[in-house]
Amino acid sequence: MGAAVRTRFPGLALSLAGIAVGLGIWKLISLSMDDAVMPDPLATYRYIADNLFNSEYLVSKGFSDGNGYLPHLWYTTRNVLAGVAAGTVIGVALGLASLRLKVLREVTDSITAVFGTAPIFVAAPFFLIWFGIVSTAQILIVAFYTTLLMYVFSRRAGENVPAGYIESGLTFGADRWLIMRRIHLPGSVPELAGGFRIALAGAWGLAGIAELLGAQQGAGFLIKFFATAFVVEGMLAMIVLLGLIAIVVDQLVVVLMLYLTRWAESGRVN
Amino acid sequence: MRRIGRALVRSVRRHPAAYITWIVILVGWEVASHIVPESAREGAPIVPSWEFVWTDSFKAISGNWTQDWGAPTPVSGGEETYRGAFLALGYHSLATLVRLILGLAIGVIAGVGTGLAISYWAVARRMAWPPLNFLRMLPLLAAIPLFQFWLGANTRGTTTFIAFGVWVVLVVGTINAVRNVPDRYIESARTLGATRPRTYMRVVVPGSIPELRTSLLLAAGLSWSLTVGAEYIGLRDGLGSIMAVAEYFTNTGRMIVIAVVVGVYALLTFAILDRLFNRLVSWMPRVEADEGIAQVAGAGAAAAGQAARLG
Amino acid sequence: MPNVTFESISCDFRHRSGHLVHALRDVSLEVPEGQMVCVVGRSGHGKTTLLRVLAGLQSPSAGQVMVGDRRVSKPGSDRAMVFQQDTVFPWMHVQDNVEFGLAANGVGRAERRKIADRWIKAVGLEEFADSWPRELSGGMRKRVALAAVLAVDADVWLMDEPFGSLDYFTRRTLHDFLLELWSTTNKTVFFVTHDIEEALILADRVLLVHEGRIVDDLHVPLTRPRDEDVRATPEAVELTKRILRHLGVEGGRPAGPINDRAEAVS
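Residue numbers (our numbering), protein chains in the order written: chain P, 1 to 270; chain U, 1 to 311; chain L, 1 to 266.
It is possible that some hints are incorrect.
[Unchecked claim] Partial list, derived from the structure: chain L residues whose beta carbon lies under 7 Å from chain P:
no., residue
1, F13
2, R14
3, L57
4, Q58
5, A62
6, M81
7, F83
8, T87
9, P90
10, F100
11, G138
12, G139
[Stated by the list, open to error] Where chain P lies over chain U, by a calculated footprint (3+ residues, C-beta under 8 Å):
no., segment
13, 123-129
14, 168-176
Derived by calculation from the structure, the hints in this document are not laboratory data. Every residue, glycine too, gets a C-beta built ideally from N, C-alpha and C.
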């Protein structure tokens with residue numbers, strides 16, 4: 001706690017130690033259970049390595065042209081990235097615009113008041129039925145969810161830009177759209193960064209379950225397949241892989257955000 | 001009654017666009033229900049009209065009532081009744097809410113507790129961060145089949161699953177909240193003579209509470225998703241499961257009814273949590289986060305210092 | 001260049017609790033071009049409101065403000081303002097900050113660059129034209145704010161306790177900067193402050209605001225530069241005492257609980 005803590009070990013060593021402890025806990029759990037129920041870390045690693053690029057198992061079941069898990073993972077990743085990107089652009093544009101346009105604010109508030117809080121998941125079946133079980137469906141679900149979240153976040157971030165900046169812009173004779181573009185938008189980025197990462201984190205699960213329910217490919221589809229065949233290592237492997245991809249993407253986002261906010265006073269890190 | 005009416009009129013006058021939006025949506029929906037071609041199935045239109053939803057579809061939910069008391073059971077040939085529908089909704093709502101509330105409560109308490117404990121030692125925090133971060137990034141919704149395999153597709157298993165998801169969110173959120181308590185309040189307490197444990201309890205912990213609000217609301221949203229998701233996929237009772245049945249038979253009307261019910265519950269959950277959270281920090285004046293922390297930490301620091309001098 | 005005229009300005013606010021606050025009560029005032037006016041008063045008595053009404057950031061409940069023969073209705077770069085808080089945009093380099101007002105008024109890129117360069121040089125920050133504001137000290141950021149105001153060639157400079165958050169020595173340096181820039185451009189300046197020393201260093205004219213009204217309008221005939229010697233003359237001391245009287249500080253002791261009690265005891 002606090003700033004004045006001296007440790008003898010550098011941060012990296014502690015992180016690695018923490019990961020080791022985490023793996024150790026996993027190993028302990030797997031030891032106390034049947035291998036078929038909870039495979040241990042090493043076995044999972046070997047399983048992934050065996051199946052990632054070339055999965056004989058999948059071939060034997062009639063899927064894929066021997067390309068393993070990779071194409072499925074890519075399918076999910078692509079849906080998430082595209083959906084989040086589209087949703088962010090629309091959500092932020094709407095959110096910032098709503099600061100100025102009262103009508104827009106009221107219209108969207110009345111909708112988000114209902115949907116924003118209800119589990120988006122409930123809307124998923126509707127999408128699947130009405131839009132058909134196509135790739136676009138998952139992207140749409142992710143985009144819809146991201147738009148909602150980014151709308152709320154950008155609204156709040158825009159409102160939190162200190163009034164002094166807005167007034168200063170006004171006294172220079174800037175019109176409302178210039179103020180939106182050069183004051184609200186850059187000024188909201190630091191606060192938006194956190195919200196963006198939250199939206200992104202949730203998008204993986206959403207895409208996964210959408211695929212689980214109605215796709216013919218993707219990580220979620222594989223999970224469903226493994227579930228029906230009781231292949232625990234398969235399910236676990238997919239989840240772990242998705243988690244790892246999510247972490248890598250998240251870290252890239254962090255780097256991007258650090259660049260976009262390189263002008264900011266060094267403050268809190270989230 | 002009159003007061004509600006007047007408040008409503010005032011609300012409409014102040015936010016005309018909002019009400020117009022909803023009217024447009026509802027009317028547009030009704031129009032669509034007559035225009036969109038019927039689907040092949042009888043009683044299962046693609047866009048059901050409102051009348052259909054609130055009569056036939058609603059009554060059809062009584063199909064989910066399988067007890068032989070209270071109302072006729074359509075499953076065994078009885079007629080569809082409103083009473084049956086209410087009973088069915090009540091029963092399944094109860095099932096869902098029990099899992100949700102228990103899971104949420106356990107997860108929040110365990111999460112905040114773990115987070116506070118870990119945050120006390122910087123070494124522990126640094127070590128715990130990578131694995132916790134990894135757990136946080138796991139797509140839990142996609143992992144429902146896995147967890148149901150491990151924990152069982154029943155109430156106990158689902159509650160544990162929800163508690164786990166909430167736990168992860170709250171641990172990470174608490175650790176962040178503690179880190180964001182400004183150093184100067186901790187330093188102030190220490191220079192007043194408070195020991196490390198006392199400072200932690202009286203300054204850091206209360207000072208981190210306001211920032212927990214976001215994590216709490218996030219956890220609430222997540223717990224709804226997890227609950228309905230788990231029920232949809234693998235359970236035989238609960239609102240998510242009757243939603244799955246409705247979808248299987250493409251009963252859009254029934255799906256809408258359930259969606260509305262779930263939506264109302266979700267809104268209520270958020271409103272109640274908000275109220276509870278405010279009650280918890282009600283002794284704090286309603287100010288912006290940083291000012292609030294200042295007030296809390298200032299009072300806590302003074303109290304901690306005083307206690308240190310006396311004790 | 002135009003005069004500034006306040007015609008029967010009143011400004012009322014409704015406080016959140018329902019209480020009605022009369023921030024300005026029927027203020028009428030005429031300021032000739034090129035005058036440096038300091039508005040002095042206690043916090044909450046209306047001096048900032050007066051400034052904001054002129055800026056166009058606040059609509060008066062009654063009366064109007066004229067700049068020349070134009071009525072003030074909204075903010076504009078003819079009445080540029082330097083705020084107390086840091087309003088140099090942290091996400092823009094110094095260069096872009098100074099060019100902002102020009103860009104807002106549709107000045108072309110090459111022209112903008114030229115004008116901005118000139119004023120960045122005038123405030124002594126040429127080396128920092130491509131720096132982020134966070135890399136500069138508070139005083140340097142204020143100079144950036146000044147350069148931005150100068151760049152748009154405003155008729156009136158509005159300053160709301162602009163140096164309040166800076167340390168004493170930086171403040172004195174910025175006074176010199178301001179006076180130098182003012183004397184070469186001859187603009188009308190409205191400078192709000194609660195610091196009497198600052199007012200005496202800067203002002204041609206001091207307006208005293210108390211409870212929404214202008215209770216005194218002092219001409220400051222002291223010779224410039226107003227160094228320590230000038231401010232120690234009997235004339236200057238008399239001005240100081242007069243201002244202090246209006247602010248409720250009599251005989252070196254402010255009215256209030258501590259001194260009332262002290263008098264009761266003695």
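Consistency of the hints with the structure:
1. F13: violated (16 Å)
2. R14: violated (19 Å)
3. L57: It holds, given that the least Cβ distance between L/L57 and chain P is near 6 Å, below 7 Å.
4. Q58: violated (10 Å)
5. A62: With Cβ-Cβ at 23 Å, over 7 Å, it is violated.
6. M81: holds (4 Å)
7. F83: Where the cut-off is 7 Å and the nearest Cβ of chain P is about 5 Å from L/F83, the hint holds.
8. T87: At about 4 Å, which falls below the 7 Å cut-off, the nearest Cβ of chain P leaves the hint on L/T87 intact, so it holds.
9. P90: holds (5 Å)
10. F100: holds (6 Å)
11. G138: violated (12 Å)
12. G139: violated (17 Å)
13. 123-129: holds (count 5)
14. 168-176: Violated, because only 1 residues of the segment 168-176 of chain U bring their Cβ atoms closer than 8 Å to Cβ atoms of chain P.
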